[in-house]
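> On the provided structure of chain A, position chain B with the ligands as indicated by the hints.
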Amino acid sequence: MKHSKMQLSAETMNLGFVKKVELLSGSSVRRCFQCGKCSAGCPMRSFMEHPPNRVVRLLQLGQYERVLAGRSIWYCASCETCSTRCPNKVDLAAIMDALRKLSWDAQGPSKESYVQLANRLFIENIRTYGRQYEMRLAAVFNVKSGQFLKDLMLGPKLITRGKLRMFHQKNRNIGEIEKIFSRIEEMRKNGEAP
Amino acid sequence: MKNILNYSYYPGCSLHASAQEYEASTRGLFKALKIGLHEVPDWFCCGATPAHNVDELLSLALCAKNLSLAENVAGDLAVACAACFSRLKTTQHRLIDNDAKRQQVEKAIDGPVPLGKKVKHLLEILARDYGLERLQSAVQKPLAGLKVACYYGCLLTRPPEVPELDDCEAPTIMEEVLKATGAEPVSWSHRMECCGANFTLSRPGVVLKLSGDILASAKAAGADCIMVACPLCHGNLDIRQGGIEQASGTRFDLPVFYITQLLALACGVSTERLGLESMIVSPMPLLREKSLL
Ligand code: SF4
Ligand code: SF4
Numbered sequence: 001m002k003h004s005k006m007q008l009s010a011e012t013m014n015l016g017f018v019k020k021v022e023l024l025s026g027s028s029v030r031r032c033f034q035c036g037k038c039s040a041g042c043p044m045r046s047f048m049e050h051p052p053n054r055v056v057r058l059l060q061l062g063q064y065e066r067v068l069a070g071r072s073i074w075y076c077a078s079c080e081t082c083s084t085r086c087p088n089k090v091d092l093a094a095i096m097d098a099l100r101k102l103s104w105d106a107q108g109p110s111k112e113s114y115v116q117l118a119n120r121l122f123i124e125n126i127r128t129y130g131r132q133y134e135m136r137l138a139a140v141f142n143v144k145s146g147q148f149l150k151d152l153m154l155g156p157k158l159i160t161r162g163k164l165r166m167f168h169q170k171n172r173n174i175g176e177i178e179k180i181f182s183r184i185e186e187m188r189k190n191g192e193a194p
Numbered sequence: 001m002k003n004i005l006n007y008s009y010y011p012g013c014s015l016h017a018s019a020q021e022y023e024a025s026t027r028g029l030f031k032a033l034k035i036g037l038h039e040v041p042d043w044f045c046c047g048a049t050p051a052h053n054v055d056e057l058l059s060l061a062l063c064a065k066n067l068s069l070a071e072n073v074a075g076d077l078a079v080a081c082a083a084c085f086s087r088l089k090t091t092q093h094r095l096i097d098n099d100a101k102r103q104q105v106e107k108a109i110d111g112p113v114p115l116g117k118k119v120k121h122l123l124e125i126l127a128r129d130y131g132l133e134r135l136q137s138a139v140q141k142p143l144a145g146l147k148v149a150c151y152y153g154c155l156l157t158r159p160p161e162v163p164e165l166d167d168c169e170a171p172t173i174m175e176e177v178l179k180a181t182g183a184e185p186v187s188w189s190h191r192m193e194c195c196g197a198n199f200t201l202s203r204p205g206v207v208l209k210l211s212g213d214i215l216a217s218a219k220a221a222g223a224d225c226i227m228v229a230c231p232l233c234h235g236n237l238d239i240r241q242g243g244i245e246q247a248s249g250t251r252f253d254l255p256v257f258y259i260t261q262l263l264a265l266a267c268g269v270s271t272e273r274l275g276l277e278s279m280i281v282s283p284m285p286l287l288r289e290k291s292l293l
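Those protein sequences? They're chains A and B, same order as listed. Counted the way the numbering used here counts, the first sequence spans residues 1 to 194. Counted the way the numbering used here counts, the second sequence spans residues 1 to 293.
If we strip away everything but chain A, and leave its shape as in the complex, we get (with noise of 0.2 Å):
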């Protein structure tokens, strides 16, 4: 796919998906002069397929497909230093919190979307418990992607230095918390929300 012919035309180009791209992340795609500053400062570029730069032209482009379906998306590590550092004010950053939501949206997890799944877990935590409760986030990240092992030998330390609690923090704000994970989901059912 990487270096697979790319046919552009009126067609190809897709400005839908760079608007809805535009919309969701609050910044502007079709700014990127390609100048590269991005990449050269990326923390993840040698993790990635696509350098942030690419990306962006990518999308400009229309080849949005390639993008999601890559794993560039979810090698980036947040770290804000391309948006930080864009000459056009381009927010990679917050581009890629767009892509990653499409992306999962349309595809559901998927081999490159692995930290994915530590988020949803994450994510989960919060709706249950109201913070986080690591000891359960890791024990159920390990099962749920097969790396059973991967932390036993940290654990027994962990929890002799008092770093993982075994118990979870009670919360007396739980009720709310389900409520605003629920108001979402019922605004979304109504198109008021993306």
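Since the hints were made in silico from the structure, they are not lab data. Given the structure is predicted, the values throughout are model-derived calculations rather than measurements. Do not take every clue at face value.
Stated by the list, open to error - Simulated crosslink set (DSSO-like; lysine-lysine; CA at most 30 Å straight-line): (1) A:89 <-> B:101; (2) B:179 <-> B:34; (3) B:209 <-> A:19; (4) B:118 <-> B:179; (5) B:2 <-> B:147; (6) A:20 <-> A:89; (7) A:189 <-> A:5; (8) B:107 <-> A:19; (9) A:179 <-> B:179; (10) B:219 <-> B:141; (11) A:179 <-> A:189; (12) B:219 <-> B:147; (13) B:31 <-> B:219; (14) B:107 <-> A:20; (15) A:37 <-> A:5; (16) B:101 <-> B:120; (17) B:31 <-> A:179; (18) B:31 <-> B:209; (19) A:89 <-> A:19; (20) B:118 <-> B:2; (21) A:20 <-> B:101; (22) B:107 <-> A:189; (23) A:179 <-> B:147; (24) B:2 <-> A:89; (25) B:34 <-> B:101; (26) B:179 <-> B:107; (27) B:219 <-> A:89; (28) B:101 <-> B:31; (29) A:5 <-> A:179; (30) B:179 <-> B:219; (31) B:290 <-> A:179; (32) B:31 <-> B:120; (33) B:141 <-> A:89; (34) A:189 <-> B:101; (35) B:34 <-> B:120; (36) A:37 <-> B:219; (37) B:141 <-> A:179; (38) B:209 <-> A:37.
Coordinates of chain B with the ligands only, in the frame set by chain A:
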């Protein structure tokens, strides 16, 4: 004893779990400096990086709700974790000039968003509100001879319009605070590089590379230890350090302190209240060697 300054306080999830030494030393230090911290009752998780990675509206709503809980406690909102700090300030920044988004968030939390509540990181409170001079005169046991690599990471300074803490490419606030204790900040290359925070569970290989480079750079600059202001950075640099050493075959042996641990040590807070025993890379040999215990 009357406090000199008073704040409402949002500790964040990590400070009640894996970063308990940050919480303990913050409490100890602020008490010694007579700065009041009044915890927001029943605060909940800000959503950190995972929430905005998945769902911006949810991320904004969680932070907005926490801000509205904080409205019930007087004073600017003190935040210890760099990620919570960044998310709370991002929320205010995104909503202040975006009516459509603000209305969505208000609907989600069923109430107004307090956009005027001032959110401050502990560093800012120590360096600016309390002030470096006062801090210097509170020091009882100067950390002379301790060489420290001050590590900012990502979210204390980026993107510049959000944290408003210091220059986004060449900050000095951590070094200034450190110098007040008599310790010596080293000059090094990786002060602001990403540690790979959010990948700590899902892609340890990323953390291995990014945090490994940071540790190597601190070591090469002659640092005895690293100082951080974020529990996520701490997790990668301290908890994962052994694994990184194993994988890279390099011995770093760099204790990773929270800002408040070093300050509290210098200000004469009892070492039992610094949570030194919770650190995975033990700082005891170093502190003994420098006669700081
Ligand atoms: S820094 Fe901005 S203008 Fe330059 S390539 Fe990146 S997004 Fe485009
Ligand atoms: S926010 Fe993502 S894309 Fe931008 S520099 Fe950081 S890791 Fe790279």
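> Now tell me if each hint is right for this structure.
Hints and how they fare:
Our distance criterion of 30 Å between C-alpha atoms is met by residue 89 of chain A and residue 101 of chain B, whose separation comes to about 20 Å. Under the criterion of a C-alpha separation no larger than 30 Å, the hint pairing residue 179 of chain B with residue 34 of chain B is consistent with the structure, at around 21 Å. Between residue 209 of chain B and residue 19 of chain A, the direct Cα distance comes to roughly 36 Å. Violation of the 30 Å bound is thereby established for this hinted pair. Between residue 118 of chain B and residue 179 of chain B the alpha-carbon distance is near 27 Å, which keeps this suggested pair within the 30 Å criterion.
The hinted pair formed by residue 2 of chain B and residue 147 of chain B fails the criterion: a straight-line CA distance of about 35 Å is larger than 30 Å. Restraint check for residue 20 of chain A and residue 89 of chain A: satisfied, since their Cα atoms lie roughly 18 Å apart, inside the 30 Å limit. Taking the CA atoms of residue 189 of chain A and residue 5 of chain A, the gap is near 40 Å; set against the 30 Å cutoff, the hint is violated. Our distance criterion of 30 Å between C-alpha atoms is met by residue 107 of chain B and residue 19 of chain A, whose separation comes to about 25 Å.
Restraint check for residue 179 of chain A and residue 179 of chain B: not satisfied, since their Cα atoms lie roughly 47 Å apart, outside the 30 Å limit. At roughly 25 Å between alpha-carbon atoms, residue 219 of chain B and residue 141 of chain B fall within 30 Å of each other, so this suggested pair holds. A hinted pair counts as satisfied when its Cα atoms are at most 30 Å apart, and residue 179 of chain A with residue 189 of chain A qualifies at roughly 15 Å. With a CA separation close to 11 Å, the supplied pair residue 219 of chain B and residue 147 of chain B stays within the 30 Å bound.
For the hint pairing residue 31 of chain B with residue 219 of chain B, the CA-to-CA distance comes to about 33 Å; that exceeds 30 Å, so the pair is violated. Taking the CA atoms of residue 107 of chain B and residue 20 of chain A, the gap is near 22 Å; set against the 30 Å cutoff, the hint holds. Between residue 37 of chain A and residue 5 of chain A, the direct Cα distance comes to roughly 26 Å. Compliance with the 30 Å bound is thereby established for this hinted pair. For the given pair, residue 101 of chain B sits about 24 Å from residue 120 of chain B by alpha-carbon distance, which is consistent with the 30 Å threshold.
As the CA atoms of residue 31 of chain B and residue 179 of chain A are separated by approximately 37 Å, the hinted pair breaks the 30 Å bound. In summary, the hint linking residue 31 of chain B to residue 209 of chain B is not supported, as the alpha carbons are separated by about 39 Å, beyond the 30 Å threshold. Pair hint residue 89 of chain A plus residue 19 of chain A holds up; C-alpha atoms about 17 Å apart against a cutoff of 30 Å. Only pairs whose Cα atoms come within 30 Å are accepted, and residue 118 of chain B paired with residue 2 of chain B is accepted, the gap being roughly 23 Å.
Taking the CA atoms of residue 20 of chain A and residue 101 of chain B, the gap is about 15 Å. The hint holds against a cut of 30 Å. For the proposed pair residue 107 of chain B and residue 189 of chain A, the alpha carbon gap of about 14 Å is at most 30 Å, so the pair holds. Pair hint residue 179 of chain A plus residue 147 of chain B does not hold up; C-alpha atoms about 50 Å apart against a cutoff of 30 Å. For the proposed pair residue 2 of chain B and residue 89 of chain A, the alpha carbon gap of about 47 Å is over 30 Å, so the pair is violated.
Among the hinted pairs, residue 34 of chain B with residue 101 of chain B is inconsistent with the structure: their alpha-carbon atoms are about 40 Å apart, more than 30 Å. At most 30 Å may separate the alpha-carbon atoms for a hinted pair to count; residue 179 of chain B and residue 107 of chain B exceed this at roughly 47 Å. For a cut-off of 30 Å, the pair hint linking residue 219 of chain B to residue 89 of chain A is broken: about 35 Å separates their Cα positions. In summary, the hint linking residue 101 of chain B to residue 31 of chain B is not supported, as the alpha carbons are separated by about 40 Å, beyond the 30 Å threshold.
With a CA separation close to 49 Å, the supplied pair residue 5 of chain A and residue 179 of chain A exceeds the 30 Å bound. Restraint check for residue 179 of chain B and residue 219 of chain B: the C-alpha separation of about 20 Å stays at or below 30 Å, so the hint holds. This hinted pair does not check out: residue 290 of chain B and residue 179 of chain A have alpha carbons roughly 53 Å apart, beyond 30 Å. Annotation: proposed proximity of residue 31 of chain B to residue 120 of chain B holds, straight-line Cα distance about 18 Å (limit 30 Å).
For a cut-off of 30 Å, the pair hint linking residue 141 of chain B to residue 89 of chain A is broken: about 46 Å separates their Cα positions. With a CA separation close to 17 Å, the supplied pair residue 189 of chain A and residue 101 of chain B stays within the 30 Å bound. For the hint pairing residue 34 of chain B with residue 120 of chain B, the CA-to-CA distance comes to about 17 Å; that is within 30 Å, so the pair holds. A distance of roughly 28 Å separates the Cα atoms of residue 37 of chain A and residue 219 of chain B; the hinted pair therefore holds under the 30 Å criterion.
Straight-line distance between C-alpha atoms of residue 141 of chain B and residue 179 of chain A comes to about 50 Å, which puts the hinted pair past the 30 Å bound. Simply put, residue 209 of chain B and residue 37 of chain A have alpha-carbon atoms about 22 Å apart, close enough for the 30 Å limit, and the pair holds.
Hint compliance for this structure: hints 3, 5, 7, 9, 13, 17, 18, 23, 24, 25, 26, 27, 28, 29, 31, 33, 37 are broken, all remaining hints hold.
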